[in-house]
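Now for the letters of each chain:
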Amino acid sequence: MTANSIAATGSAREMARGENSAPIISLKKVSKVFANGTVALKEMSLDIKRGEFVSLLGPSGCGKSTALRIIAGLSTASSGSVTWPEEARRGKPAEDGGHEISFVFQEPTLMPWATVFGNVWLPLRLKGVSKRAARDDVIAALEMVGLEDFADSYPRELSGGMKMRVSIARALVTKPRLLLMDEPFAALDEITRFKLNNDLLHLWEKFGWTVIFVTHSVFESVYLSNRIVVMAARPGRVVEDMAVDAPYPREEEFRTSPVYNDYCRKASNALHDAMEASAEA
Amino acid sequence: MTANSIAATGSAREMARGENSAPIISLKKVSKVFANGTVALKEMSLDIKRGEFVSLLGPSGCGKSTALRIIAGLSTASSGSVTWPEEARRGKPAEDGGHEISFVFQEPTLMPWATVFGNVWLPLRLKGVSKRAARDDVIAALEMVGLEDFADSYPRELSGGMKMRVSIARALVTKPRLLLMDEPFAALDEITRFKLNNDLLHLWEKFGWTVIFVTHSVFESVYLSNRIVVMAARPGRVVEDMAVDAPYPREEEFRTSPVYNDYCRKASNALHDAMEASAEA
Amino acid sequence: ALDEVKFGTNWLAEAEHGGFYQAVADGTYEKYGLNVEIIQGGPQAANQALLMADRIQFYMQGNLIGSFSAVEQGIPVVEVAAIFQKDPQVLIAHPDQGIETFEDLAKLPTIFLGKDLYATGFQWMKANFEGFRDEQYKPYTFNPAPFLADKQSAQQGYITSEPFAIETEGGFKPKLFLLADAGFDTYSTMIETKADFLEQNPDIVKRFVEASIIGWYNYLYGDNSAANDLIKQANPEMTDAQIAFTIDKMKEFGLVESGTALEKGIGCMTEERIKGFYDDMVKSGVVKADLDISTVYTTEFVCNGLGMDLKK
Amino acid sequence: MSLAATEKKPENVTNADPAVALLDAKSAPGRTARAKRILIPLLMLALLLVAWSLYVWAFDVPHYILPSPMRIADALVSDWGILGPALLVTLKITFLALILALLGGVALAVLIAESKIAELALYPYAVILQVTPIVAIAPLILIYVPTTQAALLICAWIVAFFPVLSNTTQGLKSTDHNLLDLFKLYGANRWQTLIFLKLPNALPYFLAGLRIAGGLALIAAVVAEFAAGSAGAGSGLAFRLIESQFRLNIPRLFAALFLLSITGVLIFAATSFISHMLLRKWHESALKREV
Amino acid sequence: MSLAATEKKPENVTNADPAVALLDAKSAPGRTARAKRILIPLLMLALLLVAWSLYVWAFDVPHYILPSPMRIADALVSDWGILGPALLVTLKITFLALILALLGGVALAVLIAESKIAELALYPYAVILQVTPIVAIAPLILIYVPTTQAALLICAWIVAFFPVLSNTTQGLKSTDHNLLDLFKLYGANRWQTLIFLKLPNALPYFLAGLRIAGGLALIAAVVAEFAAGSAGAGSGLAFRLIESQFRLNIPRLFAALFLLSITGVLIFAATSFISHMLLRKWHESALKREV
Ligand SMILES: Nc1ncnc2c1ncn2[C@@H]1O[C@H](COP(=O)(O)OP(=O)(O)OP(=O)(O)O)[C@@H](O)[C@H]1O
Ligand SMILES: Nc1ncnc2c1ncn2[C@@H]1O[C@H](COP(=O)(O)OP(=O)(O)OP(=O)(O)O)[C@@H](O)[C@H]1O
Ligand SMILES: [Mg+2]
Ligand SMILES: [Mg+2]
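Chains as they are written, first to last, in my numbering: chain S, 195 to 475; chain A, 195 to 475; chain F, 28 to 339; chain P, 1264 to 1554; chain C, 1264 to 1554.
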């Protein structure tokens, strides 16, 4: 990452992280009905502003992954509208060489025929970056997830958590402006998870990313995000949208602060309510 | 499950859950070296007694899954010995009609061409139980994981957490004597997870199962198990083996008890030490 | 009771097999105490293999080279009659290309030949005439279209078949050069049987040969409509025009009756001609020298003037 | 930029097969797409026929070299009495050969995938059968097999079975190792592992083999008839082909070829349809992508 | 019961191919297994030869119907001067045809998998090519193609390309939808998606097609030579086969068949080996299971 690009995104962040800035993604009454009749989302509305760190919380099967896919443009809504700012269209690399979107899928989604290096290199390769030029970035991303020693391994030679970490490295290597993460840390032990939580927060602050983060951990969502969106199932919908007004940078001490505990209880309750709302439906 | 079988396993448990009973599985200096030279386990020794609920904790890639596979007989050790009592050999259904082993793999491992029902039916089907005869058991297992409405869906129509729950239902439907679970609840929201934690504990108590449970959650391991084995990585080995001496049945209140917090801190520290041990290596 | 006998031809039912069908149709075989079933051949049918496996008793051998090969390979077969005095193989050329004689064919860049004629007749041509060369060869798969498309080419044919198709479909009268007339004087349409069968049933062989000869005279000079009906029944594609054309050519070129057959009757073959042809083939490098070919034929059943009285 | 989802055209709808598209109206994502599926092949056909006719007309190609489509159609109609029954004969052999190829191919594949010894002992001979030219061994078969019909079937089988064998073997061996572990764990015996796991898993491969075998069985029937078939009245298309050739009845030759082609395309469509039906619920190749 | 791991025999070691086993000594799990891989085929061969010889001897089968193995070996040696060069000619055509079949089959498969229109317009004609008997269209090819060599290659290509096309198409369509999404997300263009994702993914299918095509190319070379090939000095095995047949030189016929068989088995072994090498790192079918 060049100094120039850091400056550019950094200032963009400062500019964008105001309450009044226009949303970079806006879902309006988005519904998704699958071919088999499952209503995965029903009239879900959600505005994401530039620079936000939004966590999606909700019971299993409530439509979090579906919402993420629609946001990424991988899936189309059955009705309702999805609005994107012109420059944020998927697939277009941003001017600073960073990609607009990265996505950590719920499953590792690695190419079995490529090594760990090859898998992480992929997004850069698709932008035309040669192996040699990508080398440092790829190794840096692998170091972040602690897999620099496994660059030449094939996915089948990795443990479940290691595969997921490769997938995370692949998402981070492109320095995305919008990072969509679908339970990225679920398969990781708590210590690795905490480390990656902190790493992610630092990157987010440093580069002014926008992050939408699906998690099942209330604690994680409070620790990371400045906004928590709680969804209920059947049909998938937003039942609570709460801000987490705690200052960044947040460090490990934050986990023991009363504010943190407060928010955790609040989020936990919201999740409980969501569960009940789901059960009723 | 017949009244008879309950009685049989129940008494077996009473009989077996003593400190002095012989281990039903015993790993002695088991090492595992993969073809590419990775030392996944090094001289790991572990005795599991009948009726224990053992959690395996450890950093990502430390060999938990590998150990589980060796215990299940799916993988052979490169050196060392694995001892099983005669009647516990894999594949042999127990006299009470229950299977000896069930395994929840880290990945859902569902057959894509079969419906949810078909996938859960599988272990029974392999024992020769007809669809009709299996129906009630399968539906009961699906109800336990909250998927009774999805019996006719195909795996691809499910969310990530739902797939994992199908896999759990498949493991429970056989009423196994030895249950091996590899991060079964990682993909689930906290509420579903808590519910399943409690369900699992009840089943374990009721039927006197032996459970070996891989998890990344220190809290989960303390809540569930009467013994926590902490492993370190590179090479994979046991660095801590602690008993959790809290009485069963444990209910939600246990999560707020000081004993619980105590053990959590202890386990967390052990995990930290393990991480450091791994980093040093 | 009649003796059951199977006779395998080397092609689909056609007028070239007329005499045999005649003998079936008019009861000649029956009169000779035989119940004959004719197994028609086809493009790649394996009737010769069936003879060797004793699944049929008589086979229609196309030409003497087959017999010589049998000797070379130690296959105990015997030719007991030669219905065609001449091999009906022709080379066919376009009429307006200045090809007037057999030798002129050497000037053409392309000759379409089946693999068997290439391996036999063409070798003989190379040995006996100037200018024939391997580069001329292109495979013939029983479709004259490539020949028609290329005026600077010739192709092989059965004098009774392809010329007819070319005349009717191509709309011109092609030049025909009978290999036999150029000196390729093998017998053709011979009746072949296994040596052991001959040894054990000389009587049946004799009756079959004689009845066949009578059949041929009747087919050529008597009322052959019943035989033609049989032919058309076995091969529904056969037309009256084609049959007429074939009979006409058989007579015009003396396929059945020429040489010794004129004096001693249909089916006649002579030792000296067979030996002469053998020497010729040895010279052309088609067959091995020093074979004892005397075992592969017998003139015992022919050249006795049988049936000549039926000729009108 | 606003992309109202309701207005957006489905851009990702993939459908495995044209054949299927024609037969499975439900899966068509819309009217236009469905129309396209019928129109494009027809258009292509029309284009081809026009070009062909023009070529024949412009260069005055004699009908005995390349007949015009019209002339072939004529021959088809007027010779139907000959070609129709011949087609029937060929079809009969084709289907018998296909069925035998499927049974034999799958059975052998199972044997080979299950037993190392069988694989080592048998696979080479399967390969040898595949590469043996039928014409060369037809006489031997005719000698040892009582009826022509049986000889024909053996010949056709030899030609058609290998793709089924090879593909199914590959499919059986591609079984997910995790699922294999699962079956092992639950004490599945060989038979169960085969029926419940390996065979379903091999299905996509088998079906790809089936598509190849379908056309090959047709060709096999023709080749077998060349090599071992009966001529005359009870004969199939192969005989009619050869015969039209040396009779220079080229329009009829093409009419026969046309019948073969149509049959081939129909068989392919049918196998594709079967394939789609069997895989549509779960396999990537046949799944409609939900977008 | 104690199962000391060190004593336990590996019971799950699967290895994809016998061919590979022979070539890839490293993958052999042990001495006995490696020996087995050589011994069993040899044993099978010996058994077959003995049975054959016995049959010929016991029933006194004349050599012109079924020659004994000894006699065939004799012919092979004495006729090597004729058969050797013929084999070379056939091999040349085989490899050319195979290469063309691979190129053509894969190119067409890519076109068909990438474009619905191409699929609808072209696939039917690919099927038609597959089911068209070579003998029937060889004359047409001979008319329009200048050299015999080219005609030969076209004929051989027609016979061999379809399995590659069909299998590769199936493979291209079987691409994991999640990976497709990933590529889409990262803005991969068509070409990149093809090269980096679809083609590697189609590899196992393609390789199964390759194994079929390998043998088929050999047969194709023979068939093409029948229909369009040269004879005499420059001729291949097909000509020698036919010639031995009408010369009644059955031992030589079998010697030629033997050469074809050996060639076929070697081609198969080679394609299997290539397949194993390309897949061994990642695909289930070639992975050695770690137990
Ligand atoms: N391809 C599909 N076809 C039909 N239904 C689907 C499909 N994909 C998802 N669904 C359904 O849509 C609903 C939402 O699924 P989604 O994957 O978005 O859930 P989720 O919130 O991500 O759950 P989890 O936390 O378990 O991953 C589920 O009920 C699921 O069954
Ligand atoms: N098939 C294999 N070939 C080579 N190495 C392997 C293979 N499977 C696992 N490993 C290696 O063995 C080590 C232990 O793997 P294992 O899957 O047991 O870890 P784990 O403790 O389950 O980790 P996680 O929590 O991430 O699932 C890892 O370093 C991994 O890279
Ligand atoms: Mg999800
Ligand atoms: Mg694991």
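Heads up, a few of these hints could be off.
To be verified - Just the calculated beta-carbon pair ranges, DEER-fashion: (1) P:L1305 <-> C:Y1318: 53 to 61 Å; (2) P:K1447 <-> A:A440: 44 to 52 Å; (3) C:Y1407 <-> F:Q124: 16 to 24 Å.
Unchecked claim - Computed list of lysine-lysine pairs in DSBU-like fashion (alpha-carbon distance at most 35 Å, straight line): (4) C:K1544 <-> S:K389; (5) A:K223 <-> P:K1544; (6) P:K1551 <-> A:K223; (7) A:K389 <-> A:K460; (8) S:K389 <-> A:K222; (9) F:K315 <-> C:K1447; (10) A:K389 <-> P:K1544; (11) F:K134 <-> C:K1447; (12) S:K460 <-> A:K389; (13) P:K1551 <-> S:K236; (14) S:K223 <-> C:K1447; (15) S:K222 <-> P:K1551.
As the list claims (entries may be wrong) - Which bits of chain C does chain P cover? Going by a derived footprint, with three or more residues having C-beta under 8 Å, they are: (16) 1394-1404; (17) 1516-1525.
For the record, the hints were derived by calculation from the structure and aren't laboratory data. Remember, it's a predicted structure, so these values are computed and weren't measured experimentally. Note that the Cβ used here is the ideal one computed from N, Cα and C, for glycine as well.
Hints versus structure:
1. P:L1305 <-> C:Y1318: 53 to 61 Å: holds, 57 Å
2. P:K1447 <-> A:A440: 44 to 52 Å: violated, 36 Å
3. C:Y1407 <-> F:Q124: 16 to 24 Å: This hint holds: roughly 21 Å between Cβ atoms.
4. C:K1544 <-> S:K389: With a Cα-Cα distance of about 32 Å, the restraint between C:K1544 and S:K389 holds, given a limit of 35 Å.
5. A:K223 <-> P:K1544: Not satisfied, since the Cα-Cα distance of roughly 47 Å exceeds 35 Å.
6. P:K1551 <-> A:K223: violated, 51 Å
7. A:K389 <-> A:K460: Distance ~25 Å between A:K389 and A:K460 Cα, so the pair holds.
8. S:K389 <-> A:K222: holds, 34 Å
9. F:K315 <-> C:K1447: Distance of about 72 Å is beyond 35 Å: violated.
10. A:K389 <-> P:K1544: holds, 32 Å
11. F:K134 <-> C:K1447: Violated, because 66 Å separates the two Cα atoms, which is more than 35 Å.
12. S:K460 <-> A:K389: holds, 20 Å
13. P:K1551 <-> S:K236: holds, 22 Å
14. S:K223 <-> C:K1447: The hint holds at about 25 Å.
15. S:K222 <-> P:K1551: Cα-Cα ~26 Å, so holds.
16. 1394-1404: n = 8 at 8 Å, threshold three: holds.
17. 1516-1525: It holds, with 5 qualifying residues against the three required.
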